[in-house]
Amino acid sequence: MSGANFLSGAKGRLLPPSIPFRFFMAAVIFYLLFWAALFSNAGEITSYIIGGGPVLSMIHIATLGVLTMTVIGASLQLLSVATRKAFTDFWLCRLLSWIYIPGFMLLAFAMFESWYFGMLGGGIATAIGLVIFFYLIVNNIRGVQGMTAIMQHCWAAMVSLLGLVALGIMLIMDMEQGFMSDHLTIALSHLILAVFGFMSLIAMGFSYILVPMFALAPAPPENLGRLSIICNMLAIILILVGINSYLDWVSLVGVALALAGVGFYLYSMIRVYNARMRKRLGMPFLLIRVGWIMLALTIIWGALGMAGYWPRLGLETGHTLFAVLAIIGWLLTFLTGILQRIMPFLSSMHTSGSGGIPMLASSMADVRLLIINAIGHLGGLVAVSVGVILDMTMIIEIGAGAGFIGASALLCYLLNIIRHMIRNAP
Amino acid sequence: MTGEITPQWLAGFDIDDCVRFDVRPILEMGVDPLEQILAREELLSGQDILIIEAPFDPVPLRRLLGGRGYASHAVSLSPKHWQVFFQKQSTAALPELPDLPAFPMQWRNGILEMDLRSLEPPNPMIAVLKVIESGEGGERFMVRLMRDPIYLHPELVERNWYAEISEESDQGLRVQIIKGNKP
Chain A
1 MSGANFLSGA
11 KGRLLPPSIP
21 FRFFMAAVIF
31 YLLFWAALFS
41 NAGEITSYII
51 GGGPVLSMIH
61 IATLGVLTMT
71 VIGASLQLLS
81 VATRKAFTDF
91 WLCRLLSWIY
101 IPGFMLLAFA
111 MFESWYFGML
121 GGGIATAIGL
131 VIFFYLIVNN
141 IRGVQGMTAI
151 MQHCWAAMVS
161 LLGLVALGIM
171 LIMDMEQGFM
181 SDHLTIALSH
191 LILAVFGFMS
201 LIAMGFSYIL
211 VPMFALAPAP
221 PENLGRLSII
231 CNMLAIILIL
241 VGINSYLDWV
251 SLVGVALALA
261 GVGFYLYSMI
271 RVYNARMRKR
281 LGMPFLLIRV
291 GWIMLALTII
301 WGALGMAGYW
311 PRLGLETGHT
321 LFAVLAIIGW
331 LLTFLTGILQ
341 RIMPFLSSMH
351 TSGSGGIPML
361 ASSMADVRLL
371 IINAIGHLGG
381 LVAVSVGVIL
391 DMTMIIEIGA
401 GAGFIGASAL
411 LCYLLNIIRH
421 MIRNAP
Chain B
1 MTGEITPQWL
11 AGFDIDDCVR
21 FDVRPILEMG
31 VDPLEQILAR
41 EELLSGQDIL
51 IIEAPFDPVP
61 LRRLLGGRGY
71 ASHAVSLSPK
81 HWQVFFQKQS
91 TAALPELPDL
101 PAFPMQWRNG
111 ILEMDLRSLE
121 PPNPMIAVLK
131 VIESGEGGER
141 FMVRLMRDPI
151 YLHPELVERN
161 WYAEISEESD
171 QGLRVQIIKG
181 NKP
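Just so you know, the protein sequences line up as chains A and B, in that order.
In terms of my numbering, the first sequence opens at residue 1 and continues consecutively.
In terms of my numbering, the second sequence opens at residue 1 and continues consecutively.
No wet-lab data here; the hints were simulated from the structure.
There may be inaccurate statements among the hints.
[Stated by the list, open to error] The calculated DMTMM-like cross-link candidates involving lysine to aspartate or glutamate, where the alpha carbons are at most 25 Å apart (straight line), are:
hint: 1; chain 1: A; residue 1: Lys-279; chain 2: B; residue 2: Asp-99
hint: 2; chain 1: B; residue 1: Lys-80; chain 2: B; residue 2: Glu-113
hint: 3; chain 1: B; residue 1: Lys-182; chain 2: B; residue 2: Glu-155
hint: 4; chain 1: A; residue 1: Lys-279; chain 2: B; residue 2: Glu-136
hint: 5; chain 1: A; residue 1: Lys-85; chain 2: B; residue 2: Glu-167
hint: 6; chain 1: B; residue 1: Lys-179; chain 2: B; residue 2: Asp-57
hint: 7; chain 1: A; residue 1: Lys-85; chain 2: B; residue 2: Glu-155
hint: 8; chain 1: B; residue 1: Lys-88; chain 2: B; residue 2: Asp-57
hint: 9; chain 1: A; residue 1: Lys-279; chain 2: B; residue 2: Glu-167
Please read all numbers here as calculations on a predicted model, not as lab measurements.
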């Protein structure tokens with residue numbers, strides 16, 4: 001086989017670039033919209049507990065808009081290479097985007113307007129999209145030998161996905177029908193399944209392969225990954241049982257297990273980081289490392305809340321800070337770092353420089369845009385957190401403005417990458 | 001079985017011609033058998049094969065002897081009984097990769113060959129890059145992989161190396177890793 005054919009097998013396993021990049025583009029646009037929505041509704045977030053309106057819409061723009069879009073794009077592209085089972089149903093991947101992206105846009109708009117039938121229609125379309133994603137992933141990971149810890153994370157995340165979709169649709173219907181005896185507890189269960197069961201577990205699972213790959217370090221011992229997923233799965237189950245049966249001690253045991261699970265995960269990531277061959281990891285890893293710190297803070301803050309220490313700050317503020325730490329601090333920061341690293345990397349696999357060799361990722365776009373993105377994002381995170389603690393709308397607005405500027409830079413970066421990829425298509 | 005793929009130097013060997021040493025009773029007595037193993041290693045000549053019977057995969061020993069130019073291969077006969085085969089390779093010492101799980105590696109006709117098929121990703125990529133950066137594999141070496149090394153390629157380009165698949169079968173790929181720009 002000639003050198004020119006070297007990548008042909010690999011490329012056969014890569015999706016057409018338009019598939020992952022449509023999800024990345026949607027993620028970055030929603031990332032921009034998220035900060036804009038936060039800027040416009042900064043005064044409402046510290047008093048929000050439940051119900052339709054801009055804050056509910058904003059939370060879902062972050063979770064379903066930015067985080068899930070990123071997860072879908074990255075999963076479809078990376079899993080097939082790791083499992084050696086190509087996604088051959090390109091039409092299904094495209095159908096997923098055609099249903100999920102507009103469906104979610106309708107859902108977000110309807111949530112913003114508290115428009116019930118829009119929420120129901122958008123919610124059902126979004127749910128169909130997520131079920132297609134579930135099918136694609138489960139079909140790919142079924143029967144895979146090896147990579148046990150990563151596969152366990154994927155399976156747990158997929159089960160959580162089904163649970164959160166079912167609860168999400170029920171919560172929307174309950175807004176009109178009022179059949180739930182405790183809407184708030186079900187909403188909290190939905191949040192836990194979404195943020196920790198689905199997004200966090202899939203982010204942690206992919207970390208075991210992506211972080212060593214990008215840092216050029218040996219993969220961490222698989223036992224650590226297995227311990228982490230066992231603790232985290234038990235934690236989610238116990239917390240769900242605890243809050244739904246109003247048994248605080250069960251939830252507290254769950255939180256203790258979550259601390260252990262996150263501890264194992266962070267320990268293995270620190271091992272990878274310290275063993276890395278690539279010494280200069282740039283802006284993406286600054287965000288990834290801050291994301292890890294925020295994950296630890298999220299769990300500690302959650303544990304304090306369970307132990308009853310939030311009321312000193314105010315229960316609503318405590319809840320809002322928990323959501324800020326979990327969604328902006330951990331997931332958005334971590335996945336923005338992954339996006340910063342993965343977009344040029346994947347695009348280099350789809351370009352062809354001289355002799356059919358992929359182009360260097362560093363030659364594709366101006367890395368100063370990534371610096372602006374990181375500064376804006378981290379500045380936004382700090383200001384929004386401080387604004388929430390002090391209950392000062394203006395500081396939250398400043399943070400949202402910084403985040404918006406950072407997100408704009410990431411959008412420019414992505415557009416440059418896509419332009420470069422089109423120009424240098426093989 | 002360990003999941004390691006049997007290397008070619010073990011094909012067709014006669015177990016009666018091997019030097020066998022069962023360290024399990026020694027370990028049960030709480031004694032370190034390293035000195036006795038090294039004494040037997042010094043008795044080996046030519047293409048002799050040393051077989052160590054151990055209650056676990058002795059990865060530190062494999063690394064130690066790897067540094068002395070021995071290729072190794074481990075087989076798990078039961079959870080508490082491992083057979084590890086060692087054979088001196090004719091050329092330079094094998095690269096030491098202490099952060100990675102052990103895998104078959106040997107020199108053949110002056111070319112380093114590494115069988116990375118038992119490693120989980122991204123460890124095959126890391127093994128290749130570590131050998132490149134250590135310079136111990138020379139300017140051309142061969143690797144066996146289960147997966148297309150898709151994410152390795154940009155890393156090779158950044159280091160002014162490239163890869164060529166020389167064989168592709170159900171058993172995986174044989175890939176040459178070559179210094180320089182792709183012709």
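Hint-by-hint comparison with the structure:
1. Restraint check for Lys-279 of chain A and Asp-99 of chain B: the C-alpha separation of about 17 Å stays at or below 25 Å, so the hint holds.
2. Distance check on the hinted pair: Lys-80 of chain B and Glu-113 of chain B sit about 30 Å apart at the alpha-carbon level, beyond 25 Å; violated.
3. Among the hinted pairs, Lys-182 of chain B with Glu-155 of chain B is consistent with the structure: their alpha-carbon atoms are about 14 Å apart, no more than 25 Å.
4. Distance restraint check for Lys-279 of chain A and Glu-136 of chain B: the Cα-Cα separation of roughly 21 Å lies within the 25 Å cut-off, and the hinted pair is therefore satisfied.
5. Note on Lys-85 of chain A and Glu-167 of chain B: the hinted pairing holds, with a Cα-Cα distance of about 20 Å set against a maximum of 25 Å.
6. Straight-line distance between C-alpha atoms of Lys-179 of chain B and Asp-57 of chain B comes to about 34 Å, which puts the hinted pair past the 25 Å bound.
7. Distance check on the hinted pair: Lys-85 of chain A and Glu-155 of chain B sit about 23 Å apart at the alpha-carbon level, within 25 Å; holds.
8. Straight-line distance between C-alpha atoms of Lys-88 of chain B and Asp-57 of chain B comes to about 19 Å, which keeps the hinted pair within the 25 Å bound.
9. As the CA atoms of Lys-279 of chain A and Glu-167 of chain B are separated by approximately 34 Å, the hinted pair breaks the 25 Å bound.
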